[in-house]
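K.L.:
If you read the sequences in order, they're chains A and B. Each number in this note's numbering comes from the position in the first sequence (counting from 1) with 15 added on. Each number in this note's numbering comes from the position in the second sequence (counting from 1) with 15 added on.
No lab work stands behind these hints, which were simulated from the structure alone. Hints should not be assumed to be uniformly reliable.
Listed below are the simulated DSS-like cross-link pairs for lysine-lysine, each with C-alpha atoms no more than 25 Å apart in a straight line [to be verified]:
{"id": "1", "chain 1": "B", "residue 1": "LYS94", "chain 2": "A", "residue 2": "LYS38"}
{"id": "2", "chain 1": "B", "residue 1": "LYS94", "chain 2": "B", "residue 2": "LYS55"}
{"id": "3", "chain 1": "A", "residue 1": "LYS38", "chain 2": "A", "residue 2": "LYS25"}
{"id": "4", "chain 1": "B", "residue 1": "LYS55", "chain 2": "A", "residue 2": "LYS41"}
{"id": "5", "chain 1": "B", "residue 1": "LYS55", "chain 2": "A", "residue 2": "LYS26"}
{"id": "6", "chain 1": "B", "residue 1": "LYS25", "chain 2": "B", "residue 2": "LYS38"}
{"id": "7", "chain 1": "A", "residue 1": "LYS41", "chain 2": "A", "residue 2": "LYS26"}
{"id": "8", "chain 1": "A", "residue 1": "LYS38", "chain 2": "A", "residue 2": "LYS94"}
{"id": "9", "chain 1": "A", "residue 1": "LYS55", "chain 2": "B", "residue 2": "LYS94"}
{"id": "10", "chain 1": "B", "residue 1": "LYS41", "chain 2": "A", "residue 2": "LYS55"}
{"id": "11", "chain 1": "A", "residue 1": "LYS38", "chain 2": "A", "residue 2": "LYS55"}
{"id": "12", "chain 1": "A", "residue 1": "LYS26", "chain 2": "A", "residue 2": "LYS55"}
{"id": "13", "chain 1": "B", "residue 1": "LYS26", "chain 2": "B", "residue 2": "LYS55"}
{"id": "14", "chain 1": "B", "residue 1": "LYS94", "chain 2": "A", "residue 2": "LYS94"}
{"id": "15", "chain 1": "B", "residue 1": "LYS38", "chain 2": "B", "residue 2": "LYS55"}
{"id": "16", "chain 1": "A", "residue 1": "LYS41", "chain 2": "B", "residue 2": "LYS41"}
{"id": "17", "chain 1": "A", "residue 1": "LYS38", "chain 2": "A", "residue 2": "LYS26"}
{"id": "18", "chain 1": "A", "residue 1": "LYS25", "chain 2": "B", "residue 2": "LYS94"}
{"id": "19", "chain 1": "B", "residue 1": "LYS25", "chain 2": "A", "residue 2": "LYS94"}
{"id": "20", "chain 1": "B", "residue 1": "LYS25", "chain 2": "A", "residue 2": "LYS55"}
{"id": "21", "chain 1": "B", "residue 1": "LYS55", "chain 2": "B", "residue 2": "LYS25"}
{"id": "22", "chain 1": "A", "residue 1": "LYS25", "chain 2": "A", "residue 2": "LYS55"}
{"id": "23", "chain 1": "B", "residue 1": "LYS55", "chain 2": "A", "residue 2": "LYS94"}
{"id": "24", "chain 1": "A", "residue 1": "LYS41", "chain 2": "B", "residue 2": "LYS94"}
{"id": "25", "chain 1": "B", "residue 1": "LYS38", "chain 2": "A", "residue 2": "LYS94"}
{"id": "26", "chain 1": "A", "residue 1": "LYS94", "chain 2": "B", "residue 2": "LYS41"}
{"id": "27", "chain 1": "A", "residue 1": "LYS25", "chain 2": "B", "residue 2": "LYS55"}
{"id": "28", "chain 1": "B", "residue 1": "LYS26", "chain 2": "A", "residue 2": "LYS55"}
{"id": "29", "chain 1": "A", "residue 1": "LYS38", "chain 2": "B", "residue 2": "LYS41"}
{"id": "30", "chain 1": "A", "residue 1": "LYS26", "chain 2": "B", "residue 2": "LYS26"}
{"id": "31", "chain 1": "A", "residue 1": "LYS55", "chain 2": "B", "residue 2": "LYS38"}
{"id": "32", "chain 1": "B", "residue 1": "LYS41", "chain 2": "B", "residue 2": "LYS55"}
{"id": "33", "chain 1": "A", "residue 1": "LYS55", "chain 2": "A", "residue 2": "LYS41"}
{"id": "34", "chain 1": "B", "residue 1": "LYS41", "chain 2": "B", "residue 2": "LYS26"}
{"id": "35", "chain 1": "B", "residue 1": "LYS38", "chain 2": "B", "residue 2": "LYS26"}
{"id": "36", "chain 1": "A", "residue 1": "LYS55", "chain 2": "B", "residue 2": "LYS55"}
To give a feel for the contact side, a few chain A residues facing chain B, derived at Cβ under 8 Å [said to hold, decoys possible]:
{"id": "37", "residue": "ASN35"}
{"id": "38", "residue": "ALA39"}
{"id": "39", "residue": "ASN50"}
{"id": "40", "residue": "THR53"}
We put the beta carbon where it would ideally sit given N, CA and C, even for glycine.
Number of protein chains: 2
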Amino acid sequence: MIAEVYIELKKGVADPEGENTLKALKLLGFSTVRNVETVKMFRIHMDEEDEERARNILEDMCERLLANPVIQSYRIVMK
Amino acid sequence: MIAEVYIELKKGVADPEGENTLKALKLLGFSTVRNVETVKMFRIHMDEEDEERARNILEDMCERLLANPVIQSYRIVMK
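Input sequences plus hints: build the corresponding full structure.
P.N.:
Encoded structure:
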């Protein structure tokens with residue numbers, strides 16, 4: 016089973032990489048760009064066929080390693 | 016218009032962040048995990064209503080700034 020885990024900054028948390036990318040795009044002349052947000056995605060391959068159990072394991076991974084719950088939220092998409 | 020731009024390493028290019036995440040997950044006891052790939056996503060907000068034109072602009076952004084064509088490929092998803 017393959018899952019995609021999206022790790023995103025919570026609303027209100029500064030995203031300096033996104034801000035700098037926005038500035039760089041504007042400097043390059045992309046005048047219609049309004050905002051850039053950065054999101055991290057992990058594509059995880061697992062030996063686990065039960066979707067419910069895989070989701071529980073992935074949530075555990077997010078809480079213990081992949082996401083920082085103070086500033087980040089996560090979303091799991093099964094493929 | 017909002018677009019999601021996925022920047023991914025090309026096949027065969029080393030992904031040290033993914034490898035280290037895999038090792039860390041195994042050390043934490045997640046024994047069913049087989050592989051971890053890391054993908055970068057930019058969510059881009061644009062003042063541009065024409066989808067075709069937006070896609071052209073986004074491809075230009077990828078080629079000029081967001082992706083390194085030697086080692087990365089990109090994929091654009093309109094929202």
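K.L.:
Hints first: check each against the structure and report whether it holds.
P.N.:
Hint-by-hint comparison with the structure:
no., hint, verdict
1, LYS94/B to LYS38/A, "holds, 22 Å"
2, LYS94/B to LYS55/B, "holds, 17 Å"
3, LYS38/A to LYS25/A, "holds, 21 Å"
4, LYS55/B to LYS41/A, "holds, 20 Å"
5, LYS55/B to LYS26/A, "holds, 19 Å"
6, LYS25/B to LYS38/B, "holds, 21 Å"
7, LYS41/A to LYS26/A, "holds, 23 Å"
8, LYS38/A to LYS94/A, "violated, 34 Å"
9, LYS55/A to LYS94/B, "holds, 18 Å"
10, LYS41/B to LYS55/A, "holds, 20 Å"
11, LYS38/A to LYS55/A, "holds, 20 Å"
12, LYS26/A to LYS55/A, "holds, 15 Å"
13, LYS26/B to LYS55/B, "holds, 15 Å"
14, LYS94/B to LYS94/A, "holds, 19 Å"
15, LYS38/B to LYS55/B, "holds, 20 Å"
16, LYS41/A to LYS41/B, "violated, 42 Å"
17, LYS38/A to LYS26/A, "holds, 20 Å"
18, LYS25/A to LYS94/B, "holds, 20 Å"
19, LYS25/B to LYS94/A, "holds, 20 Å"
20, LYS25/B to LYS55/A, "holds, 17 Å"
21, LYS55/B to LYS25/B, "holds, 13 Å"
22, LYS25/A to LYS55/A, "holds, 13 Å"
23, LYS55/B to LYS94/A, "holds, 18 Å"
24, LYS41/A to LYS94/B, "holds, 22 Å"
25, LYS38/B to LYS94/A, "holds, 22 Å"
26, LYS94/A to LYS41/B, "holds, 22 Å"
27, LYS25/A to LYS55/B, "holds, 17 Å"
28, LYS26/B to LYS55/A, "holds, 19 Å"
29, LYS38/A to LYS41/B, "violated, 39 Å"
30, LYS26/A to LYS26/B, "violated, 34 Å"
31, LYS55/A to LYS38/B, "holds, 18 Å"
32, LYS41/B to LYS55/B, "holds, 23 Å"
33, LYS55/A to LYS41/A, "holds, 23 Å"
34, LYS41/B to LYS26/B, "holds, 23 Å"
35, LYS38/B to LYS26/B, "holds, 20 Å"
36, LYS55/A to LYS55/B, "holds, 5 Å"
37, ASN35, "violated, 11 Å"
38, ALA39, "holds, 6 Å"
39, ASN50, "holds, 4 Å"
40, THR53, "holds, 6 Å"
When held up to the earlier numbered hints, the structure conflicts with 8, 16, 29, 30, 37 and fits the remainder.
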